[in-house]
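Visitor: From first to last, the protein sequence lines stand for chains A and B. The numbering used here numbers the first residue of the first sequence as 1 and each following residue consecutively. The numbering used here numbers the first residue of the second sequence as 1001 and each following residue consecutively.
One or more hints might be untrue.
As the list claims (entries may be wrong) - In silico lysine-lysine, DSS-like type, Cα no more than 27 Å apart, as pairs: (1) A:Lys84 with B:Lys1017; (2) A:Lys22 with A:Lys91; (3) B:Lys1017 with A:Lys79; (4) B:Lys1489 with A:Lys81.
Worth flagging that the hints you see were computed from the coordinates, not collected in a lab.
Below, each chain spelled out in residue letters.
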Amino acid sequence: MGDKASDKKDVWQGTLALMVLKTLQAMGALHGYGIARRIEQTSGDLLAVNYGTLYPALLKLEQEGYISSEWGFSDNNRKAKYYKLTRAGRKQLNKEEREWEQTTAILARFLTPGEERS
Amino acid sequence: MGRLRAWFSRLGEVFGKRRREQDLSAEMQSHLELHIDDNVRAGMSVEEARRRALIMLGGVEQTKEAYRDRRGLPMIETFFQDLRFAVRMLRKSPGFAAVSVLSLALGIGATIAIFSVIYTLALRSLPVSQPDRLVEVIGPIGGNLHTYAEWKAFRDRQDIFSAVLAYNYFDSRFEIVSQNQKQEVSGVYVSGDYFSTLGVSAVLGRVLQFSDDQPGALPTCVIGYGLWRRLYAQSADIIGQAIRINENEFQIVGVAPRAFGGLEADDRAEIFMPLEAERTFNDYHIMYGKQSPSLDNPRATLLSIFARLKPGVSVSQANAGLQVLSPEVYTTVPPISDKGSWRSVTRAPLVARPSPNGISNAWAINTDVVLLLMAMAAVALVIACANLGNLLLARAAKRQSEIATRLALGATRRRLVRQLLTESAVLSLAGAATGLLVARWGSQSLLWALSFPGEPIQLDLSWDAKLAAFAMSITLGCALLFGLAPAIKATQISVYSAMTNGVTTGKRRNRFMNSGLVLVQVALSVALLASAGLLVRTLQALLAQDPGYDPKGVLVADASRQGVRESPQRDAIVGEELLRAIRALPGVTSAAWIRGSSRMTLSQLAVPGPKGSGRRLGAYLGFASPGFFKTRHTPMLAGRDFNDGDTDRSLRVAILSEALARALFGGVNAVGQRFLENDGDGNDHGQEYFVEIVGVARDIQYRRPGDAPLPILSRPVSQCGSSCLGMGHYEVRTAGAFAETAKRLENAAATVDLRIVLKCDPLSNMISNSVHRNRAMAVIATAFGLFVGLLAMIGVYGVTSDAAAERTREIGIRMALGADRGDVFRMLLGEMMRVVCIGMALGVGAGVAAAQMIRGIIWGVKPTDPLSLGFAIFLMLLIAGIAAFLPARRAMRADPMIALRYE
């Protein structure tokens, strides 16, 4: 049934995971809604489709041991689940950042000659 | 690393599901609340804030579902979920579950039971190194046995194989005494290179070596694992201990591995002795007659030879080598073509035959029977599956609204089919688990059925991976077989119509499939019942056959003298005394003493004639006292019985059986004729002398009824000289009861010699033992037939009551329109019986075809025996009639108003 959909999701989740890790690195501990808003703000309408897709990604990161979660209270005293980076997550983020930079650098080199800069 | 960790983490999440579920709900709730707070702060109404938050989240349930997919291992979880659901559904209908599990248990159990016997007998590789490189070297004259001289010549000259071995299985029963425990076990004499050729090493001590198998070597033996456990409690101190085997002392040098029981699959050896050990026996002159150890007997073809192919050498290359080698072997071992032998010996070259599974006589003898049983079990299993398929279809029909609801709620068809199949698998597994009990019992009774009484087939029926794989694939195959069609059928419904109209609109949904299944069931049942009938009729015919004697009132007493090893001459004197004592007993009408010949080959008779017109024949030789034919009530067709005038000093006389007389002289007028007999049996070439025929007696069935009568040569017991074996047996005709007579005989024996042991049996046991296999077959086949008939009954009942329920409204309308009850009844019954009749017609055809295939084991009845077929048809009609009658009557009695309102 959903082979295509899941392919797309995997790609999306790959970048989404990086964004989550980066967000948590920048903000410290944060709840799901906060992460979603932060990514939305920084990424424009990329995540504007729906926030729901964030939660499986969070779960995946937690299963892989890159983030950990615990229940806490928000500024306006709402109970919320807070996520934060683990040591493994920090390492993974460094690795993925490097890889991402490399990838984009390579891609940039490919794309630059074709693009007419004005 | 992350991925592996995630997988373990997910595996852990399979458990503790409820807490995680609450956690997820709380997180969604908190997300929404935070978002709503934000939205309200941005100036929206609470309503609007909530709506927007939900839209942004993309639906609480959908998010949860996506989350759940990520959490745990959905495959496993849904499987457990399905499993729980399946068990719950089955517990809700215990009757259905019981019937299905039971019928599957019988079907699967029988199949596994028979297959495990086939597997053990014919398919399992020997537990030796590289069994596929083992060949059996088969000798000339069709036999696969060789003499010791042939073996030695072959062993010393061959360079075709990397290693060769020989073993003697001629007598395999040994009485052993160790630490005052006495047991009878299977044993085998093996050549010194036996274990090394097979690549089998000892689990304790050492195996037999070449040095053990030398003339003059100390008798040593290796014992089997089972014996080691039974007799010695797996003690390590037994190495070097003495063990008495048939009164001869052996030293135990090692213990064979647990799985190893020699090369014969159906007679596991527990004692391995060197071939040469026989020379040291102090009793071979009694065991094997007067001459010499069987090793030196040029007629004693007692050895089987196995060989291991050299690496890279194929069987056909080995055979080419044997073509060259065989004449060489034969010139060193001259054929037994002396004056005493009338057998023309043409010596075909030795042939190598791949034998990775060893030898199985039980398989060779019983192949047809076992395959027939396997077919029956398979048929029974297929019918059980068909039946279950039917029942599941009916259940599926009842569950249509449930299924439609689930489809409407978004379950995929694949998911539903998987769930229904899980239910089938649960049924099947439960059936298989119960079936294992049936299988255990079943394979034992199958072995009982195949064994001749007193000679049990001993098999290592333990399970291994291949057998387990077979059982598992049978089980899951069944689940697919009966579960897949109903599952697909059940989910192939239009959601709309199922939910609006209900299911009772008289659509003939499953009718075709149902009828097809009933058709198959009925056809196979009839074929099976007809086959069972043929086997029963065979048994009847065998028992009705005149055995050539009257067993009623005759007692057979096997005599032996415990612990006494004396000369045959001494045995003769004691035996004669005992006969006199028995004859003197009150109530004894007549008695006779019979001793067997010690010769290992048929006795050879020659009738000299002018210029090559003489005739030669082999016959079974027995020695009988006067009164034998009278005791058995076997009529003399010509001449006289032996009498007291026939002594070892008078003329040598003989009585021929009818078959022998006809073969030698073309009729019964043989009395007064003479023939040449040779008492040689071994390296002393014996004497030739004339024997005069004094009588011809009616043929006696000695083996199984139905076999052609054997050519039997009877000679007076007084003239047997030294060629008799043991004390023989006595046959006594009395008016008294068996137990009483046996008691009297034992008392009489005690007066002659206290060491005489008598084993008494009614002579009629001989007949019943001889038809043992046929009776067992008839019993098993009948049991299968009845089981299958019962299944067919359930099937017909299920389908008819289903059809009746499905057509409740139609029936109501018909009755409202004036059809009377009889019409409804006839309609329902008639429809079912039409299917049954077509099935029966097919079944008769299948039955006749099956009978052709089992022609080898039916006797005295034609494959198209009308009585067997008729009975099968009658029984099937009865079964189907009852099964269809009950639901049809129920439908007929239905109130038309209720029927119309039904829904």
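Visitor: Which hint numbers doesn't this structure obey?
Guide: 4
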